[in-house]
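Novice: The residues making up each chain are set out below.
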Amino acid sequence: MIIIGEKINGTRKQVAEAIQNRDANFIRDLAARQFENGASYLDVNAGTLPKREPEDMVWLVETVQKAVPDATLCLDSANHQALRAGIEKADKVPMLNSLSGEKFRIQGVLPLACEFQTELIMLALDDKGIPKTSEGRLDIVRSLIEMTRAGGLPDEKLYVDPLVMAISTGTENGNITLETCRKILKEFPKVHLTCGLSNISFGMPLRSILNQAFMVLAIEVGMDSAIINPEERELRGMMMAAETLLGKDRHCLNFNRAFRAGKIGPTPNA
Amino acid sequence: MMKDLINAIADMMEDEAMALTKKYLDEGVPPLQVLDAYKEALAIIGKRFEECKYFVPELILAGEMMKSASELIKPRLTPGSSGDETKRIGKFLLGTVEGDIHDIGKDMVHMLMDINGFEVRDLGVDVPAQRFWDEYKDFQPDIIGMSGLLTLAYESMKRVVDGLQEMGVRDKVKVIIGGGQVDEHAGKYVGADAWVTDAVAGVKYALEWVKS
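Chains as they are written, first to last, in my numbering: chain A, 1 to 270; chain B, 1 to 212.
Since the hints were derived computationally from the structure, they do not count as laboratory data. Source: prediction; values computed, not measured. Glycine included, every Cβ here is placed at the ideal spot set by N, Cα and C. Some clues are possibly wrong.
[Claimed, not checked] Under the rule of at most 27 Å between Cα atoms (straight-line distance), these lysine-lysine pairs were calculated in the DSS-like manner:
1) 188/B x 51/A
2) 87/B x 3/B
3) 51/A x 158/B
4) 128/A x 158/B
5) 204/B x 13/A
6) 92/A x 132/A
7) 13/A x 158/B
8) 132/A x 67/B
9) 188/B x 13/A
10) 103/A x 204/B
[Claimed, not checked] Far from chain B, by Cβ distances over 10 Å, these chain A residues were calculated:
11) 37
12) 66
13) 81
14) 117
15) 187
16) 232
17) 234
18) 249
19) 253
20) 260
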């Protein structure tokens, strides 16, 4: 599974302060820790007001890629100026987070993705909000993929997010997401799937248990990437276990290697 | 006094709560008293939420039980008893501000304020400042509540408050902001009268304000 590390997000207070104060050490540390824990992509979100977001994004890109040159950046913004600034600063073509059916994003993000041929996260929502049904979400995805194809972006570059809503607010929310995944892959087999996994457990106790269970269920329906906190050890373990059990790990090599390296299971020297 | 009903509601026992509600109403217990039992139960539920025993699903279910009960009670209220099912203690205008579509906290606030006797007008999510101002003029609320999870929401909240100032009504209305990341700094920046990070705390402020 492709892990997109979620922690460098300026909508979180601590990160916002680090960005404000240009605390490079804080950001570098966050980047390195996530990468060491298996994140091959690092989401970077400046979270700041439009006027300063481009320069904050550039600083983040600079700081993170110096710390972890082998990671790919995932630029998280609705502001096309911030995205362009980030793309131009990045050493490697970054992923863009995200396109949706919102007019603002179609106008701002889609052209950039096509111009720079970036990988692109695609959200199944639009200006009317988040559809309650899997069919509603699929409709949005269909029209967006029509646009990306017209723009010359191959399906393989797309990471479609079927949207994860809190189970605490709707008993069927888990099923709707899983069903949306199945439908998307049936119609667009070449795309990747991704999601903000921990949304599922918002407003509930024992969030990590719910996140782990949902990870397993999502992998079963073809989720092949996720935006998570890579430092959640148990979540990683459950993720690898699910992949192994579903035949994605020949001779269980990945799982056992991760075990021997102390990457999963009870913490060594605990 | 109807301890069994209060406990059934507070313990999330939907069917039992409904059965007892019907029973008491059929026995001739004044409908407003039955409503009071629900209010007492909701106070217990609110406390358990504060203590992290209850979470979002329990609050939602509480709201549903309250709604079902109101549907039973409303038709039984004697006409002429203030023409409304309960006297509304104040008017509350609510919305998630422009640029933000997070609504779980807002919906919790809506429900708790309603249960506590406020007349609530909920503008939904991604609400532009102009709409807050227009609805203020139309609804004349005592309190405006603005919700937002993203830090960019503070700018939208500030716009609303600045507009109220320009309209010359800032001192006529109380403003409270809520969201997972609001703090004193945000409260000052926005110019709010109070800031909270959870629904129950927000309702406490509102109740204090209308009492004074």
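Novice: All hints, please: hold or fail.
Specialist: Quick rundown of the hints versus the structure:
1. With a CA separation close to 21 Å, the supplied pair residue 188/B and residue 51/A stays within the 27 Å bound.
2. With a C-alpha separation of about 24 Å, the suggested pair residue 87/B and residue 3/B falls inside the 27 Å cut-off, and the hint holds.
3. Taking the CA atoms of residue 51/A and residue 158/B, the gap is about 16 Å. The hint holds against a cut of 27 Å.
4. Between the alpha carbons of residue 128/A and residue 158/B the distance comes to roughly 25 Å, so the proposed pair stays at or under 27 Å and holds.
5. Taking the CA atoms of residue 204/B and residue 13/A, the gap is near 25 Å; set against the 27 Å cutoff, the hint holds.
6. Taking the CA atoms of residue 92/A and residue 132/A, the gap is about 37 Å. The hint is violated against a cut of 27 Å.
7. Note on residue 13/A and residue 158/B: the hinted pairing holds, with a Cα-Cα distance of about 19 Å set against a maximum of 27 Å.
8. In summary, the hint linking residue 132/A to residue 67/B is supported, as the alpha carbons are separated by about 22 Å, within the 27 Å threshold.
9. Annotation: proposed proximity of residue 188/B to residue 13/A holds, straight-line Cα distance about 16 Å (limit 27 Å).
10. As the CA atoms of residue 103/A and residue 204/B are separated by approximately 39 Å, the hinted pair breaks the 27 Å bound.
11. With a cut of 10 Å on Cβ distances, residue 37/A stays outside the contact zone with chain B, its closest approach being about 25 Å.
12. No Cβ of chain B approaches the Cβ of residue 66/A within 10 Å, the least distance being about 25 Å, so the stated non-interface status holds.
13. Distance check for residue 81/A against chain B: the nearest CB is about 15 Å away, which clears 10 Å, and the non-interface claim stands.
14. Distance check on residue 117/A: its Cβ is at least 29 Å (rounded) from any Cβ of chain B, clearing the 10 Å threshold; non-interface status holds.
15. The Cβ of residue 187/A lies farther than 10 Å from every Cβ of chain B, with a closest approach of about 26 Å, so its non-interface assignment holds.
16. Once the 10 Å rule is applied to beta carbons, residue 232/A is consistent with being away from chain B; the minimum gap is 19 Å.
17. Even its closest Cβ contact with chain B, about 21 Å, leaves residue 234/A beyond 10 Å, as expected for a residue assigned away from the interface.
18. Even its closest Cβ contact with chain B, about 35 Å, leaves residue 249/A beyond 10 Å, as expected for a residue assigned away from the interface.
19. No Cβ of chain B comes within 10 Å of the Cβ of residue 253/A; the nearest lies about 40 Å off, and the non-interface call holds.
20. In this structure residue 260/A is separated from chain B by more than 10 Å, as the shortest Cβ-Cβ distance comes to about 39 Å.
When each numbered hint is compared with the structure, violations occur for hints 6, 10.
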